[in-house]
Every structure is written in structure tokens, then in C-alpha cells.
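A.B. asks: What follows is the residue order along each chain.
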Amino acid sequence: MPRRQFLGWLSGVGVVGSAVAAAFSTFVFMKPRTTYGQPNRFRIGRPEEFPSGSRMAIDTKRVCIVREGNKVAAISTTCTHLGCIVAPSATGFQCPCHGSQFDVDGNVTGGPAPKPLAWYQVSLTPSGELEVDKDSEIEMGTYLNV
Amino acid sequence: MSDEKKGNTLLELPANVVRSVFRNPLPSSDRGRAATSFTNFFLHIQPVRVSRQALRPTYTLGLGLISFFLFVILAVTGGLLMFYYVPSTTQAYDRMLDLRSSVAFGIILRNMHRWAAHGMVACVFLHMCRVFLTGSYKPPREFNWVIGVGLFLLTLFSSFTGYLLPWDQLAFWAITVGTSIAGYAPVIGHSVRFILLGDSTVGQEALLRFYVLHVVVLPIALCLLVAVHFWRIRKDGGLAKPEPATAASPKGAIEVEIREPAAASSASAPMRHFTIQGLVRGPLVKVGKLEEDTVFSWPNLLVAELFVFFLTVAGVMAVSFFFNAPLEHPVNVMHPPNPAKAPWYFLGLQEQVSYSAFWGGVGVPAIELLVLVLVPYFDRGKAGVGRWFARQRVWANVVFLTFVVINIALIVIGTFFRGANWEFVSPF
Numbered sequence: 035m036p037r038r039q040f041l042g043w044l045s046g047v048g049v050v051g052s053a054v055a056a057a058f059s060t061f062v063f064m065k066p067r068t069t070y071g072q073p074n075r076f077r078i079g080r081p082e083e084f085p086s087g088s089r090m091a092i093d094t095k096r097v098c099i100v101r102e103g104n105k106v107a108a109i110s111t112t113c114t115h116l117g118c119i120v121a122p123s124a125t126g127f128q129c130p131c132h133g134s135q136f137d138v139d140g141n142v143t144g145g146p147a148p149k150p151l152a153w154y155q156v157s158l159t160p161s162g163e164l165e166v167d168k169d170s171e172i173e174m175g176t177y178l179n180v
Numbered sequence: 213m214s215d216e217k218k219g220n221t222l223l224e225l226p227a228n229v230v231r232s233v234f235r236n237p238l239p240s241s242d243r244g245r246a247a248t249s250f251t252n253f254f255l256h257i258q259p260v261r262v263s264r265q266a267l268r269p270t271y272t273l274g275l276g277l278i279s280f281f282l283f284v285i286l287a288v289t290g291g292l293l294m295f296y297y298v299p300s301t302t303q304a305y306d307r308m309l310d311l312r313s314s315v316a317f318g319i320i321l322r323n324m325h326r327w328a329a330h331g332m333v334a335c336v337f338l339h340m341c342r343v344f345l346t347g348s349y350k351p352p353r354e355f356n357w358v359i360g361v362g363l364f365l366l367t368l369f370s371s372f373t374g375y376l377l378p379w380d381q382l383a384f385w386a387i388t389v390g391t392s393i394a395g396y397a398p399v400i401g402h403s404v405r406f407i408l409l410g411d412s413t414v415g416q417e418a419l420l421r422f423y424v425l426h427v428v429v430l431p432i433a434l435c436l437l438v439a440v441h442f443w444r445i446r447k448d449g450g451l452a453k454p455e456p457a458t459a460a461s462p463k464g465a466i467e468v469e470i471r472e473p474a475a476a477s478s479a480s481a482p483m484r485h486f487t488i489q490g491l492v493r494g495p496l497v498k499v500g501k502l503e504e505d506t507v508f509s510w511p512n513l514l515v516a517e518l519f520v521f522f523l524t525v526a527g528v529m530a531v532s533f534f535f536n537a538p539l540e541h542p543v544n545v546m547h548p549p550n551p552a553k554a555p556w557y558f559l560g561l562q563e564q565v566s567y568s569a570f571w572g573g574v575g576v577p578a579i580e581l582l583v584l585v586l587v588p589y590f591d592r593g594k595a596g597v598g599r600w601f602a603r604q605r606v607w608a609n610v611v612f613l614t615f616v617v618i619n620i621a622l623i624v625i626g627t628f629f630r631g632a633n634w635e636f637v638s639p640f
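Chains H and X, in that order, are what the protein sequence lines are. Residue numbers for the first sequence follow this note's numbering, beginning at 35 and rising by one. Residue numbers for the second sequence follow this note's numbering, beginning at 213 and rising by one.
Calculated directly from the structure, the hints in this document are not laboratory data. Values in this document were obtained by computation on a predicted structure and should not be read as measured data. Ideal Cβ positions, reconstructed from N, Cα and C, are used throughout, including at glycine.
Distance condition first, Cα-Cα at most 25 angstroms in a straight line; then the derived PhoX-like pairs of lysine-lysine:
| no. | chain 1 | residue 1 | chain 2 | residue 2 |
| --- | --- | --- | --- | --- |
| 1 | X | Lys350 | X | Lys594 |
| 2 | H | Lys105 | H | Lys149 |
| 3 | X | Lys553 | H | Lys95 |
| 4 | X | Lys553 | H | Lys149 |
| 5 | X | Lys350 | X | Lys447 |
| 6 | H | Lys168 | H | Lys105 |
What follows is a list of derived Cβ distance ranges for each label pair:
| no. | chain 1 | residue 1 | chain 2 | residue 2 | range |
| --- | --- | --- | --- | --- | --- |
| 7 | H | Asp93 | X | Leu255 | 51 to 61 angstroms |
| 8 | X | Val637 | H | Gly51 | 51 to 61 angstroms |
| 9 | X | Ala595 | H | Gly48 | 46 to 56 angstroms |
| 10 | H | Ala124 | X | Phe601 | 52 to 62 angstroms |
| 11 | H | Arg80 | X | Ser568 | 42 to 52 angstroms |
| 12 | H | Ala121 | X | Leu523 | 44 to 54 angstroms |
| 13 | X | Ala595 | H | Ala121 | 53 to 63 angstroms |
If we take Cβ atoms under 7 angstroms as the criterion, some of the chain X residues that face chain H in the derived model are:
| no. | residue |
| --- | --- |
| 14 | Val389 |
| 15 | Ser392 |
| 16 | Gly410 |
| 17 | Asp411 |
| 18 | Gly415 |
| 19 | Met546 |
| 20 | Ser566 |
| 21 | Asn633 |
Next comes chain H alone, as it looks inside the complex (with noise of 0.2 angstroms):
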């Protein structure tokens, strides 16, 4: 290849190439590494609070907590359709926006909804206090025995 004619073509690769690098890190940038709005990992309360059979909404957090017994858990109140809050129902949960039932543990059982409501990490702080992890969810069906 003559000279000319590679330093042509290593000077496209340049070119194209600091394109496409300042268009990833346009992107990278406006990706956020931290959230200012509401953190993931929130203390609810202690076990006590939360009595047995109870299924308590919190709808500033976006979670139903669910306890029988012993056992304690973390519903996601975020529809799986478009993002509206669940409510708390006779037979699970209805969401309000589209029709959407769910089941006591949140299960599809009608409407649009694609997927079934999530489940989160629950965990117990030294402290005694409950405290749930939105950004990991467990399998349903898993509870934390208190």
C-alpha cells in the first residue's frame, strides 16, 4: 500500500473513530452513577411492626410488605405493565391504570401485565431494623425468617 494512500485510510479510522468515542461517551455521561431521588436500601421499621398476616403497602417506597408467621417479604407496588402503583386487593393486587391483577403473591392472574410483580432482599440490620434492597431481587417465594 502506498504511503499516501495508508495515512488517507489511518487518518479515516481517526476520524470515524473519535466520532463514534465522543457519541459512547455522550452516553456514558448522561448514564447517572448515583441517584439523587429516593435510595434503593431503605429501613422499613422493626419486625414488630409488621404484624402477623399483615400486608402493608408503602407506596412512598413502591413495596407491599408481606408477613405470615415468621416470615417476612418485600412485593414490588410497581406495575410490570406501565409503572403505576398496585394496590393492596382481596385477591392480591389490582393496578389501577390498566386493569392488572395480581395474585397475594404476584402472580399474573389478568390484564396486561407482562411479568409478575418482584420480590426484594430483605435483611435484618444489626440494629433490629428491617431493611429492603430494591436492586436485588430474589426469587418469589423467599422469605426472611425473623
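Starting from the known structure of chain H, arrange chain X on it as the hints suggest.
C.D. replies: Relative to the frame of chain H, chain X by itself:
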């Protein structure tokens, strides 16, 4: 020459100032009319001569111009509203109330901005229908159609980002539902949504991002594409028009001679002859020949444009006087309205989504968009250009109108026939 002697005195003020600004006086001759179009920055986007067909209101319905003028109105009213708006979840709603109570002309400006935005979405769409139904995307205009589709998307996205800014219940839930639709795209859906919102839910980050997109990024992109769109109209030979009935006829192209007296003072001097030397049409420059059935842009095109401009402004102002832009209660994250609805132009999408999240929200729209972009490259027939509902294009038009009717029907169903829990209700 007496003109030269007249110089060098202050008596020339202010005429010399005016002349330095407007190099071309108000034209009284054909030569002047031609010169006006290319010596004025704001007019040089116009051709010197324009075909009669392009000026016929029943051909274009003025929809492209109306869309552009609505964009101008939006830029002006939007720029003014920016002086009072704060993109903050704690302040935005209060600023909306301030516009109503304490800002002079605040209500009318917000109304104009809101209704012009809705109008622009509608007019850009109708303009697209006009271009399709008159077969105006045929070569050499294929790529301008593609740019037009891009402009349509930018218009939708501009309107959508603006929807969030009042930070009321309507805004919050429309954007919550709307951005969730984006989350259904395979693989990249969640990342796109996260980058768009800057967080996992709609909040302060989303408000700031939508604001920046709405007032900086999208308007710049729109301006750029509008400029290319207009430039290509010129370079593609003006608006699409039917081929002359008999191409071989000597009437196919004519030479126009422009006459004017050599100097106004000397009546005895012979007439000087000018000829427009070149008109750009397609990739070639036509030298010495003008297309038949054209008229000078000054004043014919200019008057038509001014008429459409004032009609548009008057229309928007009239609507803004009688109807207030909606403002619901401030955002309450805990209380989704039932049903929660996206902006009207996305209600067709939302209706589709209620049947199938992926296909309704991503699959079908993506296919429709792809087909829309590729239409001028599929539809290779050369017949029926520049006429409404040309018989040669009956199948293309039927297919297109079917899609239009289906999408409008879905929007109507989503808007009027859907009640609590998205169940079917009768509006009557």
C-alpha cells in the same frame, strides 16, 4: 451622472442608511422582483419564480408552512415562558400558578404554547398525509421524505418532553406511562429509560433532563432538520408537480425575457434585456430556460406565506383566548389517576400496549416507522406525482389511508372509550 454628484453630503441621511440595509429597493420591475429573492437573507430561501401549482391552496393546504409557523410561535412563546420557569419539582407547579396570577400575559402565552404544540403535532402529521397522498415523495424527493419522518418524530418528542414540565398530575402520570412504554424495547429498553429519566422513576432528574431536551437539544435538532428540509425542497426543484402532459411539446420550457428601461431618467434610451440565466432544478442547472406556468415569488409566494402566517397566529390566539391549557393538581406520586393516560398522540400506542406490552409498545410501532421511512425506496412507480389521489397510486394510497385510519381509531378509542382500569366505556 447626477447620482455621483449627490454623494458626500449629510443630506443623504437617512436614505444611505436604508440603502445599506436593503440593497434592493422595493421592486417595481421583473428584474427587481428577481433580485429581491437573492439579495435578501430572509428571502433567498425562496426561489425567484414559483410554479402556480405550488401556490394553489387546495394542493398543499398550506400544512407544511402552518407546521413551520407553529414552530416559530412555539419558539417565541417558549423562550418567553423560560424567563419564569424553574425546572424543579418543588417550584415548577408554583410557577404555573404564577403564570396564571401574577405574570402579565402569562395565561395567554402558556395557552398559546400548549395549543400550538398540539397543533404542530397534528399539522406535521397531516402534512405527511398530504405528501403521501399527492405522491410527492417520489424521486428525487425520497430523502426529504425521510427527513420529514425525522421531523415528525422530533415534533412528537418535543411535545412529549414539554408535557412533563408543568409538574401536575396529568404531566407526571402521562410521562410515567409513556416512558414505561420505552422500557419494553428489548435489550436496550431499560437503559434507554434509565438514561432518559436519570433515575428509575420520574422525579427531579427526569424533570431536569426533559427540560434540557425540550429547550435546547430538540429545538436545535429541529432547526437543523427544518433547514435541510427547506433547502432540499429548493434543490429538488420546488414542490412536486405533475409531469407536463406532452414532454416533447415545445411549450415544455420557455424563455422569459425581463425588460426594464435602462435608466429611469432617460426615456429615450433603448430597453435593456435581461434573462434569468439559470434556475436550479434537480442536480442540474437549467440555463436560459424557465419552466412554464411559473410566477415571480415576489410578491406571489410572499403574500401567500404572509397570509398563512397571520392565519396561523390568529388561529392559535383565538383558541388561546377561549380555552385554557389544562393544569391539574400538583404531582401526588401516591395517587395515580384512574385511568392514567399518556398525551393524546400516544394514546393509540397506549391502547395497543393494553393488548400486548411488547408488540403494542415497541414491535408494531418500530415496523410501522421502518415502513414509513422506506416507502419512497419501495414504491418505485413514477406515475401520479403531484396530484391528489392519483388513480395510478390507488393501492399505495389505500394502504396508507388504512394505516392512518387504524391509528386514528386507536387514538379515539384510547381517548374517549377507555375509563377506569382501562375498561371500555361509552362517552355518550
